[in-house]
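Engineer: Each chain, letter by letter, is given below.
Protein chains: 2
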Amino acid sequence: MLRTVPPDAAVVPIPTFEDIQAALRRIGRYCTETPLLESPYLNQKYGGRLLVKAENLQVTGSFKLRGAANRVGALTADERRRGIVARSSGNHGLAVAYCARLMGTSAVVVVPDTAPAAKAERIAAYGARVVTVPMKDLAAVAADVTAREGRVLVPPADDFWVVAGAGTVALEMVAQAAKLDAGIDVLLTCCSGGGLTAGCLLGLSETSPATQVYAVEATGFEKMANSLAAGECVDLAPGGHSICDAISGLYMAKLPFQIIKGRLAGTFAVTDGEAQAAMRVAFSEFGLAVEPGAAVALAAVLTRKIPLDGRTVAVTLSGRNADLDLAGAALRQV
Amino acid sequence: MLRTVPPDAAVVPIPTFEDIQAALRRIGRYCTETPLLESPYLNQKYGGRLLVKAENLQVTGSFKLRGAANRVGALTADERRRGIVARSSGNHGLAVAYCARLMGTSAVVVVPDTAPAAKAERIAAYGARVVTVPMKDLAAVAADVTAREGRVLVPPADDFWVVAGAGTVALEMVAQAAKLDAGIDVLLTCCSGGGLTAGCLLGLSETSPATQVYAVEATGFEKMANSLAAGECVDLAPGGHSICDAISGLYMAKLPFQIIKGRLAGTFAVTDGEAQAAMRVAFSEFGLAVEPGAAVALAAVLTRKIPLDGRTVAVTLSGRNADLDLAGAALRQV
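Protein sequence lines correspond, in order, to chains L and H.
With positions in the first sequence counted from 1, the corresponding number in the working numbering is that position plus 118.
With positions in the second sequence counted from 1, the corresponding number in the working numbering is that position plus 118.
One or more hints might be untrue.
Reference excerpt, derived from the structure (chain H facing chain L, CB under 8 Å, subset only) [to be verified]:
| # | residue |
| --- | --- |
| 1 | Y159 |
| 2 | P230 |
| 3 | L368 |
| 4 | K372 |
| 5 | A407 |
Part of the chain L face toward chain H, derived, beta carbon under 7 Å [to be verified]:
| # | residue |
| --- | --- |
| 6 | L154 |
| 7 | A242 |
| 8 | R381 |
| 9 | G384 |
| 10 | A407 |
| 11 | L442 |
| 12 | D443 |
| 13 | G446 |
Since the hints were made in silico from the structure, they are not lab data.
Glycine included, every Cβ here is placed at the ideal spot set by N, Cα and C.
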């Protein structure tokens with residue numbers, strides 16, 4: 119398939135299925151093929167097959183490593199010499215810092231002063247230069263460092279390579295489901311900026327085109343639902359709160375939205391309490407440690423927002439980088 | 119290799135390497151090939167390669183499924199008709215109940231009245247008949263049901279097939295390590311009755327004979343250390359306490375001890391606090407939810423009871439069936 123790069127340079131090209139396949143080859147050395155697991159007990163209880171893609175087992179703790187590895191792996195020699203920049207308080211920053219070290223380039227990660235100290239410390243331990251700024255200055259400082267030092271900015275979702283990398287989750291899932299004699303009727307993805315959801319739609323486009331894809335958001339942070347209703351990217355006003363920090367960003371990413379629009383089967387929103395209950399089920403039924411924002415797709419199934427109805431429904435468990443105090447409280451909250 | 123069944127009927131034959139290979143083929147349909155994971159961060163911090171075998175992701179929540187599946191899978195048609203019996207409050211009972219249902223036989227699981235209600239309920243949900251008795255009557259009631267109903271008793275460790283099934287953990291581990299370009303210099307197993315440790319020694323005997331194997335016990339429940347010192351199986355007096363319930367049994371199993379004696383490199387003992395700290399590391403560094411007794415081998419590495427010293431050290435994370443209140447408390451206890 120020929121990739122069509124639109125003549126309008128302002129429009130970012132959309133990755134093709136072949137770009138997702140190339141991404142899978144590119145990231146293979148750096149990322150774990152995470153298992154696709156199921157629980158006979160839950161299958162029986164919910165009346166279908168529930169498959170969970172355990173991206174919480176990914177090396178740096180989330181699926182974000184896939185996009186970062188694909189982006190950094192595709193840098194030119196010159197770009198590699200100049201280095202990269204990311205703005206993130208969490209999973210994306212960890213992934214970028216880890217990849218930079220592994221692939222012989224340097225990274226600056228701009229983190230908000232509200233970020234947990236442990237995450238900033240780990241990012242630094244991976245060898246990145248950490249720049250701490252007030253949340254409101256995050257984008258400006260990242261842009262400034264990028265321009266001043268001639269580095270390449272690696273966005274968390276709004277990027278050709280990052281979306282293609284995220285799409286490898288779907289390629290693996292379809293192949294793993296086939297080994298379990300299953301086809302994926304429905305896929306639920308945890309969703310914030312939309313990178314994972316968009317990547318999976320592209321990855322499924324040729325391997326399992328009939329799969330219905332839903333995006334699951336944190337209640338109060340329904341950027342996708344709002345954007346779909348408006349027909350364009352709608353950002354959120356600051357001030358909301360959710361324990362699902364990994365998916366409580368304020369911005370809908372443009373490239374993912376362009377891909378998702380018209381292809382998504384729907385959205386669901388999950389409360390903090392529902393996410394905590396899903397964290398408990400991930401622990402006791404699957405042996406998986408997940409962070410709240412990574413439990414929302416599972417939560418949508420457990421709360422029967424979407425019934426299994428004899429179908430095979432896959433969900434992403436997209437990360438594990440929870441504050442342990444918060445995770446401990448979630449487990450005890452019965 | 120010819121299996122030598124000793125003429126003395128009282129002596130249980132020891133599984134050969136071929137028996138472990140046969141077990142792996144027999145259980146393949148029922149058990150997950152659990153991943154072997156590592157953390158670049160911990161590798162760097164501890165100065166070597168640490169590989170964790172995530173048996174906490176096993177279908178019924180622990181490696182016990184392997185032994186149960188091998189035992190039930192090898193029943194004769196007549197035995198299958200008569201059914202099986204197990205005595206267990208936890209992981210073994212879950213595994214036996216699950217296998218019985220899957221392989222078309224019936225199970226009676228005798229549980230102590232001190233067992234958590236959730237575990238007994240799950241055993242019943244898998245379709246087993248649950249008989250609740252005072253702990254002191256556990257063995258007698260199980261023997262009675264076995265005799266009266268003509269069923270086959272499936273012991274948790276002291277059994278040819280159960281040990282052979284547990285040994286499949288080592289076969290998988292060696293093959294998975296090879297894919298990571300690693301050989302296993304040292305293996306640390308979580309240890310109670312000794313079934314997993316014995317099985318792994320047999321599984322390694324031809325695939326990685328130079329691997330040094332250590333057994334890790336809960337402090338106050340050092341049956342293996344005591345038995346090795348005495349040169350024979352030494353049981354414990356009741357009355358001790360550990361949060362590591364999965365490995366705080368009182369009995370050293372005879373068949374495993376026969377295999378382990380003279381082959382084990384040594385033992386370590388881990389406190390409750392050290393096990394809890396390892397549960398936190400399993401969560402944050404690997405995304406794995408483990409129960410305290412399944413975290414002791416990892417704990418031995420994290421507390422540097424055995425230094426990595428540039429070597430590759432593998433540990434078993436053998437189960438996840440923790441009380442969630444207890445697990446939550448462990449995560450918060452920093």
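Engineer: Evaluate each hint against the coordinates.
Structural biologist: Hint check:
no.: 1; hint: Y159; result: holds, 7 Å
no.: 2; hint: P230; result: violated, 21 Å
no.: 3; hint: L368; result: violated, 27 Å
no.: 4; hint: K372; result: violated, 31 Å
no.: 5; hint: A407; result: holds, 4 Å
no.: 6; hint: L154; result: violated, 10 Å
no.: 7; hint: A242; result: violated, 12 Å
no.: 8; hint: R381; result: violated, 30 Å
no.: 9; hint: G384; result: violated, 28 Å
no.: 10; hint: A407; result: holds, 4 Å
no.: 11; hint: L442; result: holds, 5 Å
no.: 12; hint: D443; result: holds, 5 Å
no.: 13; hint: G446; result: holds, 3 Å
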